[in-house]
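Taken in sequence, the protein lines are chains A and B. Counted from 1, the first sequence has number 151 at position 77 by my numbering; the numbering is strictly sequential. Counted from 1, the second sequence has number 54 at position 36 by my numbering; the numbering is strictly sequential.
What the hints contain is simulated information worked out from the structure, not anything from laboratory work. All residues carry an ideal CB built from backbone N, CA and C; glycine is no exception. Don't take every hint at face value.
[What the hints assert, rightly or not] Quick look at which bits of chain A chain B covers, simulated, 3 or more residues with Cβ under 8 Å: (1) 90-99; (2) 147-156; (3) 306-312; (4) 321-331; (5) 358-369; (6) 587-594.
[What the hints assert, rightly or not] Some chain B residues near chain A, calculated using beta-carbon distances under 10 Å: (7) PRO71; (8) VAL76; (9) TYR95; (10) LEU134; (11) THR157.
[Stated by the list, open to error] Partial list, computed: chain A residues near chain B (C-beta under 10 Å): (12) VAL162; (13) GLY286; (14) ASN289; (15) THR294; (16) GLY300; (17) ARG350; (18) ARG354.
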Amino acid sequence: MVTGDHQTLALVLFSVFVAVTLAITTWVSRDRHGSAEEFYAGGRLFSPMENGFAIAGDYMSAASFLGISGLIALYGYDGMLYSVGFLVAWLVVLLLVAELVRNCGRFTLADVVAARMAERPVRIAAGTSSVAVSVLYLVAQMVGAGSLVALLLGGTGEAARTWTVIGVGALMVIYVSLGGMRATTWIQIVKAVLLMAGTVALTVLVLVRFHGDVNSLLSTAAERSGHGSAFLGPGLRYGGDWTARLDFISLGLALVLGTAGLPHILSRFYTVPTARAARRSVVWSIGLIGGFYLMTIVLGFGAAALIGSAEVRASSASGNTAVPLLALDLGGGAGSTGGTVLFAVVAAVAFATILAVVAGITLASSASVAHDLYASLRRPGRRQYGEVAVARVAAAVIGAVAIGLGLLASDLNVAFLVGLAFAVAASANLPVLLYSLFWRRFTTRGAVWSVYGGLVPAVLLVLFSPVVSGSPEALFPGVDFQLFPLQNPGVVSIPLGFLAGWLGAVTSPEPPDEARHAETEVRALTGAGAV
Amino acid sequence: MEQLDEQERAGARDDGTARDGGAAGTMPRQRYDEAAHGTPGTAGIYLEVQRSPAFQEVRRRYRRFAFPATLAFLLWYLAYVVAATAAPGLMARPVAGAVNVAMVAGLGQFLTTFLLTWAYARHARLRRDRAALELRWDTQEMTRGAGQW
Numbered sequence: 075m076v077t078g079d080h081q082t083l084a085l086v087l088f089s090v091f092v093a094v095t096l097a098i099t100t101w102v103s104r105d106r107h108g109s110a111e112e113f114y115a116g117g118r119l120f121s122p123m124e125n126g127f128a129i130a131g132d133y134m135s136a137a138s139f140l141g142i143s144g145l146i147a148l149y150g151y152d153g154m155l156y157s158v159g160f161l162v163a164w165l166v167v168l169l170l171v172a173e174l175v176r177n178c179g180r181f182t183l184a185d186v187v188a189a190r191m192a193e194r195p196v197r198i199a200a201g202t203s204s205v206a207v208s209v210l211y212l213v214a215q216m217v218g219a220g221s222l223v224a225l226l227l228g229g230t231g232e233a234a235r236t237w238t239v240i241g242v243g244a245l246m247v248i249y250v251s252l253g254g255m256r257a258t259t260w261i262q263i264v265k266a267v268l269l270m271a272g273t274v275a276l277t278v279l280v281l282v283r284f285h286g287d288v289n290s291l292l293s294t295a296a297e298r299s300g301h302g303s304a305f306l307g308p309g310l311r312y313g314g315d316w317t318a319r320l321d322f323i324s325l326g327l328a329l330v331l332g333t334a335g336l337p338h339i340l341s342r343f344y345t346v347p348t349a350r351a352a353r354r355s356v357v358w359s360i361g362l363i364g365g366f367y368l369m370t371i372v373l374g375f376g377a378a379a380l381i382g383s384a385e386v387r388a389s390s391a392s393g394n395t396a397v398p399l400l401a402l403d404l405g406g407g408a409g410s411t412g413g414t415v416l417f418a419v420v421a422a423v424a425f426a427t428i429l430a431v432v433a434g435i436t437l438a439s440s441a442s443v444a445h446d447l448y449a450s451l452r453r454p455g456r457r458q459y460g461e462v463a464v465a466r467v468a469a470a471v472i473g474a475v476a477i478g479l480g481l482l483a484s485d486l487n488v489a490f491l492v493g494l495a496f497a498v499a500a501s502a503n504l505p506v507l508l509y510s511l512f513w514r515r516f517t518t519r520g521a522v523w524s525v526y527g528g529l530v531p532a533v534l535l536v537l538f539s540p541v542v543s544g545s546p547e548a549l550f551p552g553v554d555f556q557l558f559p560l561q562n563p564g565v566v567s568i569p570l571g572f573l574a575g576w577l578g579a580v581t582s583p584e585p586p587d588e589a590r591h592a593e594t595e596v597r598a599l600t601g602a603g604a605v
Numbered sequence: 019m020e021q022l023d024e025q026e027r028a029g030a031r032d033d034g035t036a037r038d039g040g041a042a043g044t045m046p047r048q049r050y051d052e053a054a055h056g057t058p059g060t061a062g063i064y065l066e067v068q069r070s071p072a073f074q075e076v077r078r079r080y081r082r083f084a085f086p087a088t089l090a091f092l093l094w095y096l097a098y099v100v101a102a103t104a105a106p107g108l109m110a111r112p113v114a115g116a117v118n119v120a121m122v123a124g125l126g127q128f129l130t131t132f133l134l135t136w137a138y139a140r141h142a143r144l145r146r147d148r149a150a151l152e153l154r155w156d157t158q159e160m161t162r163g164a165g166q167w
């Protein structure tokens, strides 16, 4: 499917995007002194519209663009769960989290919790879980980048994949350590515009092909999928035994509750001046993200209708190539100029998507390392380094770790890895955040227990799941220490996180601090004393 | 909206002079002075603000909207997910042409998300923002008076 023309044009577009983003990084980092305010929050003066685009750019990953459409092309309706879950999750962010977090915190999730609690233990706990979530999410994106390029360069395989992962890692370290939040934000805005433009163009072409008749699009998709009308109903992917169905519910839960616990999403609210601006940026991003996921549904069914599920599966078993194949077909087929151009554009957009997302996550995790972990763990008396300097180094270390893990995990399914990161975020970060914001009787012990009580079960359940061992597609197919039947731990670990937080709070020896709760509540709802 | 935002920015930079009559009632002025002179510290001030009727009203308005709305959309989403696994037959029932119940429910999730976003933003803008902003200035003035900042 891949010819020399595709490769050349796609590589040219990649290079243009990389050049533009590096120019942005250089441009915004001129004459800026490296204050923490500047590095982590980009000066806090982005407009709601800019931040809305940046949030959308931070959130819509290549896993969404290629992965969800691919799942829909292969399994029809069951793939739609991702689209719906990823969007509905934003209501949790809008209603319960965005404004209050903006008002209470400075740079990270731990800021919000530490405002009410003993600072050191909760910072270490929340910092650890934020880094864990970020690294999982980063690995997913690196694996995605590797597969994307391997796909584009066809058979040249392993070496190209390795160098792509290394290249993406190096770029994200450069963006983040040199440009901080300001460069990251602009890269995400550019990426969001490119991704929306590319998706709108493909969607319009699909609809034009069917003369705007959605009914005929759906029935053609059902027909060419080989499943008939079952393609349009639930059950093709998750309809088997009860384990598979429970896995579906677990994934659904992780998707809807995970977003509000993602550190790189929370840190975006600090880039606008007020809570009101944070709310308006979420409204913008819900509009963009909702539109985008609606279009991924059209693209998925479009790929099934125009390419056929069997052919998509033949090209890539996970369905990741459905959209590139669709672009080729919509442009006029293999060998045509239109097909070549559209294919290259889709590839370049997917690449841009990955770069923007990894930059956002790297920044958020370097903030957690420097602002939460380093600040809490450094020994008094030793030489002190500036927080921003530590954050820049942390970005490089995290980049190296992500490259290593990305190369190790290169055969895992990308959408699954993202689902896992969401499950950990929902189990470890969301309970402590909601309790801190809304529960009067919450205590330090509750906060620490809630983080570890969600994080440890989530990670352990994954280790003992069929993903790691005991199945042919596992990370270590040779051995079998599988004890837990589900792929996604959410349905067990999320309630455990909430339960542990409650248990820790009610068994605390010290009473809850009424005055600091009052301060958190007043600041959260009014913005008094917000930075 | 824009105006309120700029007012808030301006106020955060200087003294927060942009204030007039409260939409949600005013704070007990008398006790500010007590706070300033008796210096119970910022902790006491936040407790006092938290107990004030103006703050209680802002909190009530926020919670009355956010909590039931969260419960409603979470239940609706869970119903959607559980129905897909527990009642695939019902979900596969055709509605019009190739469109079935499952498809309508999925698009319904998108629609309710957009509607709720709009309703929440409107509610916050009309019912909460101004009162919260006034409380912000009042509280900041009190903490400044207490000499803590």
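Which of the listed hints are not met by the structure?
Violated: hints 1, 7, 13, 16.
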